[in-house]
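Since chain A is already given, all that's left is putting chain B on it; use the hints.
Protein chains in written order, with the numbering used here: chain A, 6 to 115; chain B, 57 to 170.
Hint data in this document are derived by calculation from the structure and do not stem from the laboratory.
It cannot be assumed that every hint is accurate.
Label-pair ranges, simulated between beta-carbon atoms [as the list claims (entries may be wrong)]:
#1 B:D118 / A:S100: 15 to 21 angstroms
#2 B:Q154 / A:Y76: 25 to 31 angstroms
#3 A:S87 / B:R125: 20 to 26 angstroms
None of these values were measured; they are calculated from a predicted model.
Quick reminder that beta carbons are idealized off the backbone N, C-alpha and C, glycines included.
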Amino acid sequence: QKEVEQDPGPLSVPEGAIVSLNCTYSNSAFQYFMWYRQYSRKGPELLMYTYSSGNKEDGRFTAQVDKSSKYISLFIRDSQPSDSATYLCAMSDYSNQFYFGTGTSLTVIP
Amino acid sequence: EPEVTQTPSHQVTQMGQEVILRCVPISNHLYFYWYRQILGQKVEFLVSFYNNEISEKSEIFDDQFSVERPDGSNFTLKIRSTKLEDSAMYFCATRPGQGFQPQHFGDGTRLSIL
Chain A
6 QKEVEQDPGP
16 LSVPEGAIVS
26 LNCTYSNSAF
36 QYFMWYRQYS
46 RKGPELLMYT
56 YSSGNKEDGR
66 FTAQVDKSSK
76 YISLFIRDSQ
86 PSDSATYLCA
96 MSDYSNQFYF
106 GTGTSLTVIP
Chain B
57 EPEVTQTPSH
67 QVTQMGQEVI
77 LRCVPISNHL
87 YFYWYRQILG
97 QKVEFLVSFY
107 NNEISEKSEI
117 FDDQFSVERP
127 DGSNFTLKIR
137 STKLEDSAMY
147 FCATRPGQGF
157 QPQHFGDGTR
167 LSIL
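So that you can see chain A by itself, here it is in the shape it has in the complex:
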C-alpha cells in the first residue's frame, strides 16, 4: 500500500510564526521526499527534496525525514503572507511515480 497522509488543515498563523507541516506514510520503500507549494490555479512548485532520512535547510525552509517513524516535516521560519498556499508532500520509491498527500492549506495573516 502506498498511502500518504497529510492533515488538510486549514492552518492559519500570524506573520512571523514558525509553521510545521507534516506527512506520514506507510510504504517503507519510499526513499525520496519532496515538498511542493501550490498557489490557487497554479501547478505544484518544487520547494525542497531530500533523500532518505535527515534534515535539509534552504533559507527559511527546513525539511526533515524520519524514516524509522515514516514521518516527514516541513518547517517554515518567519512566515510571510506570501507563504500562503497549499503545501503538498510527495514521495517516491525507485519507480517513476510520485505519491502525493492531500495538501495542507496555509494562511499567514499580516
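Only chain B this time, still in chain A's reference frame:
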C-alpha cells in the same frame, strides 16, 4: 527559469467527445508525466513516458487514455469518450535524465466535462 507549459488552461467538452491536452516540456528534460487532480482530492499519477514509450502507468490510465510525443517538442494526453468523472485538473510534469531528480510541473489544464 525554464518552465513546463500546458495548453489550454481550461477545456470545456461535451461528454463522449475526445480531448487532447498539450504540454511543452522543459527543453533538456527526457522524462514526461501526466497527473490528475480531482477537485478536493490528491494529485494522482497517470502515466510516465520516456524514449517515446510508456514506462509506467496507473490503474486510472486505461484504454480511454493515450499519450504521445508527436513532434519532438509537444507531449500530449488524449482522452477518448470523455465521462463526467474525467473532470479534473490535469498536470504535466517533466524531469531531466537518469537517476532521481524531482519533477517540475506545469500550471495544468482544467478539464470540465458537461
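Verdict for D118 of chain B, S100 of chain A (Cβ pair) under range 15 to 21 angstroms: At roughly 19 angstroms between Cβ atoms, S100 of chain A and D118 of chain B fall inside 15 to 21 angstroms, so the hint holds.
Outcome of range test on Cβ distance (S87 of chain A, R125 of chain B; 20 to 26 angstroms): violated (36 angstroms)
C-beta pair Q154 of chain B, Y76 of chain A: status relative to the range 25 to 31 angstroms that was hinted: holds (30 angstroms)
Checked against the numbered hints listed earlier, the structure breaks hint 3 alone; every other hint is satisfied.
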